[in-house]
Structures are given as structure tokens and as C-alpha cells.
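First residue of the sequence shown: 10, per my numbering; consecutive thereafter.
Read the hints as simulated data drawn from the structure, not as lab findings. One thing to keep in mind: the hints can contain errors.
Taking lysine to aspartate or glutamate and the EDC-like style, the derived pairs with C-alpha atoms no more than 20 Å apart in a straight line are [claimed, not checked]:
no.	residue 1	residue 2
1	Lys69	Glu90
2	Lys91	Glu68
3	Lys13	Glu58
4	Lys69	Glu58
5	Lys75	Glu58
6	Lys75	Glu94
7	Lys48	Glu28
8	Lys60	Asp43
9	Lys77	Glu94
10	Lys19	Glu38
11	Lys48	Glu66
12	Lys48	Glu38
13	Lys13	Glu53
14	Lys77	Glu66
15	Lys31	Glu51
Computed from a predicted structure; not experimentally measured.
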Amino acid sequence: MSVKHFARMKNIISKTDAEGAKLIRLYGEMFRPDIYVPKSVEIEHLDQELKLLNDLEEEKRRYGAKLKSLRYNSQINPNTEKHYERRLQTGKRD
């Protein structure tokens, strides 16, 4: 349970720093949350690489959709088409 949800359950709507501090203290006393342990450097690096991979896949999908849409146009600019094709080819090499 989050502190925010806990505050809703207690029907606490005050938003001052003092009230917030009391709420957090009460939450900690009642629930004894686990001590935060930061991610290891290796896990953090893997998370960053996974986000990068997801971003690159999304970018490739977007460029593919733009190229497909562009090809439906009867007056396609060859330079524009080449640009999107190069972007897609670059993504395959990475």
C-alpha cells in the first residue's frame, strides 16, 4: 500500500508539509515497510539498455509506418522515401 492510498483511507486531505510528515511517520509505524535497497549497477545498466532497445523498436515501427503511408501518395518525393529507407536500414545494423 502506498502512502497516498493510506492517506485516502485515513481521509486525510491536508497538504501541508507538517501534516505530510506526520502521515508518513504514521504510515511507517503501522506498516513497517521494507528498507529500500537500490538496484545494483549491473541491473541499472540492463534496465537502461532494455529501455533503449524498446525506444529503437518503437522508432523503427514509426519509420516503417511513415514509409508505408508515404508510398500511398502518388507524388512521392524520392529523397524523402530514401531518407526513411536509410533510417530503417540503420536500425537493422544496430
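Self-check item: Numbers of the earlier hints that this structure fails to satisfy, in rising order
Solution: 3, 5, 7, 8, 11, 12, 13 and 15
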